[in-house]
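Use the sequences and the hints to build the structure in full.
Quick note, the sequences are listed as chains W and S, same order.
The opening residue of the first sequence carries number 1 in the numbering used here; numbering runs sequentially from there.
The opening residue of the second sequence carries number 483 in the numbering used here; numbering runs sequentially from there.
Simulated from the structure, these hints should not be mistaken for laboratory data.
Glycine residues also receive a C-beta, built at the ideal position from the N, C-alpha and C atoms.
Take every hint as true, because none was put in to throw you off.
Computed list of lysine-lysine pairs in DSS-like fashion (alpha-carbon distance at most 30 Å, straight line):
1) S:K748 x S:K795
2) W:K3 x S:K542
3) W:K480 x W:K406
4) S:K795 x W:K215
5) W:K136 x S:K795
6) W:K171 x W:K215
7) S:K496 x W:K258
8) W:K398 x S:K537
9) S:K602 x S:K700
10) S:K817 x S:K549
11) S:K537 x W:K476
12) W:K389 x S:K496
13) S:K853 x S:K827
Output of the computed footprint for chain W on chain S, the stretches with three or more beta carbons under 8 Å from beta carbons of chain W:
14) 490-500
15) 521-534
Below are the chains, spelled out letter by letter.
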Amino acid sequence: MNKEIVQELLDKYGDRATDSMFERSLYARDLAPVPSLLVNPLFNTLPDIIVRPANTEEIAEIMRTAYANNIPVTPRAGGSTVYFDSVPIKSGILMDLNLIKGVVGLDQDGMSVTVNAGTTWSELDEYLNNKGLAPKSFPSSAPAATIGGWFCMMGYGIGSMKYGSLLSQVKSIEVVFPDGKVQKLTRETKPALDWFVASEGTLGVITELEIEVRKLNNMKHFLLQLPDAVRMLDTMKAIISAPIVPYNMHFSDQECLKAMHALGFAPANIETGCIIGIDYEGSDEELKQAQEVIDSLTAANRIVNPVPEETAELEWEERFKALKLKRGGPSVLGAEVWLPIENLPAYLNDVQRMSRGYSLNLFSYGHVVTPEYATVMTTFYADETHTIKYIINLSMVKKIHDIGHKYGGHPYGVGLWNSPMVGRIHKPPQLTELRKRKQNIDSKGIMNPGKVYRSPLMLNPFNYSMGMNVLAGVRKVFGKGW
Amino acid sequence: MSKESEKAYSTLEKESLICGRCGYCRSACPVYRVVGWESAAPRGKISMAREIFSKQNPNKVSDDFVKRLSQCTLCGACANECSTDIDTRKLWLDLRRRIADLGKEPKAYGAIRDNLLANKNITTFDNDDRLEWAQDLDEPEQLEPRVGADVAYFVGCVSAFFPQAAQIPLAIAEILTESEVDFTTMGGEEWCCGFPLISTGFVENSEEFIKHNVEKIKELDIHTLIASCASCYHVWKHDSEDALEGYDLKVMHTTEYLSELIKQGKIELNELDEIVTFHDPCDLGRNGGIYDAPREIINSIPGVQFVELAHNKAASLCCGGGGNLQSVDPETAAKITQLRVEEIKATGATIVVSACQQCEQMLIAAIQKAKLPVRVLDISQLILEAL
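This is the structure we're talking about:
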């Protein structure tokens, strides 16, 4: 990046801009500890400058500078994903959006809130709760994930089961386009706001969103132990088809329970079978119905073992802490798969077969986010301090995705690392349409380049697949106990 | 994931690797809130610790890193949020110790240590003058160290030497006298509790101070010790276990002790027509687990309308004065205090009460600057007003 432009931005934004190497190095990564040995030869993840704009006007001004000079811009807020979604791969400007924070307005009659994109879901929840309201849904990383950030991903999580995807709840968004133009988008505008969902910061910078809210209701929590994945699916289907819709449903497989048990935090000290957590919210009448659904399910079926209510409540309290499993690490590798729940038992069965084949200990947990689909996280322990072994272990991530693909699933989120599998995520006509949108809005390709639409050259599907398969072969022969 | 979170700490090397970089800590960190850079967030600091210590590159300790480590109030809000249950407060203390071991601590830390070793208190005053504040009592000599008293009051450096804080030990002495408690102090034999040494990384030096104080308590045959400073209390309660091994000493914060006296009917409180809010000191609340005692005291005063701050108890916001932040970066400390003052303002309280001299000093300065019509009182002063 041109040094004069860097200096211009430093002068303009003062202590809200920096080109210090010390600071920039922290923005060259996200949650995923991918070794420099792998990243540095392929990508320029170190931004040239980080700027923290305080309002839409400043964002537009930065975009105009970037647009005029063909400088890549990577928007970032919570930085809480693992696919390098908010990590630059062509240096340029890293736009830290954490000052774009706070509630702009609440429409209690219309049951919607307008909120700045850099507000975290927990901050919004706290604001709304004080007024007897709540977000309809939120991610399982709500304390760090931002409103805009989750919209830029697929937006399925806690509450989606009852209230649908975040997209279905968003009434309008304000966007700064790559050329600096600012526009409010709705479902009727051109482009429509739908274009920006799951766009991962590749089309522009979302600054403000108007989203629907719900009344803050009482909740009821249940936790059921099932002997195996097949019975777990049967139970899930029975709950889904009941007249009362759960707010949230999550599950852990047998191996995940064992991992939790080994670390001392398995619910009710359970070590065998699978568990499903079901959370309902609503009126007293609705909660009564929910109780009846669960009661009839457990009464009719002896293999459905209800866990004490206080344990189920504690499970809800800990809903943002799935990462606690990392205490068994030190590192964790894995894949998050968008999977038809119908195929969950077969998927989990193949995962266990893979565990045995590669001498791994794979464990899975996830959320059922629609009546048909779940987001399934399948993970295993690794050690990033042993770089070569760790890189070879990365091939197991691809193998997990292969199982997901076999059963009608695909990666949840693209970013950089899942870009070789973008053909699995979107059908060809969809991908063509997405690429057309990108070309229309960002013809210069300055917004978060290298993500979402196609993989960078070195990560093209052929290279990626061949490379990972070779590493997986090495892992199979030499990797016992890694 | 159902077991209620218990914080864990193995080694700096392991915990830095376990950190998932989720960023929950970042949202809660008062320093990040006012500095705004990733390097000021707990996860940023742990990321760097991982590169330096877990991957064994001690030569990577830079001045920038040391500066960021010193920009921490040790408030424990990050530990409260940590998704991997890391006891981050322990981690920060461990990191500061490692930095001190490498001789790369901030200059201000070295000055704190040298002064403490020379004077045994955080000021340059003679340690024998620790009871100077008591000259305002009717019978100051009653506070001279006495063997076999029921209770020893550990006054703490700030209360003993800072004139603006002297009203706190005076209030406590008066309340204890009024309640006919058989109490004493350690006089000039009280040394700094050691917290400033622990928090700057000079743990070995702190052990000398802890050992001295424990020996003197044993010599006085004291079996109940009360402290009005939240940090002194924390050291006695949580960092002196080894030195106290085999000796029966009940350690209480004054809020706990005074609350008991009220329940026993030994303190009778009159009506106060005030709106009162309470600022939880980090070392008393989040890091010490004491939330109820101060609230019980406030609510036992007739006429008082108690209002909670927006962030209270485990979610309380730090005052900015912890972790020696003031000694290295008073500007950042003051900005953090300002966040808390905004919350105080929103309550409409006429009095903000706390139970830590450092918190009170920070709040007084910020409230005066903001010209708010709010008085800052230690909980003992509030009781005294109601006597």
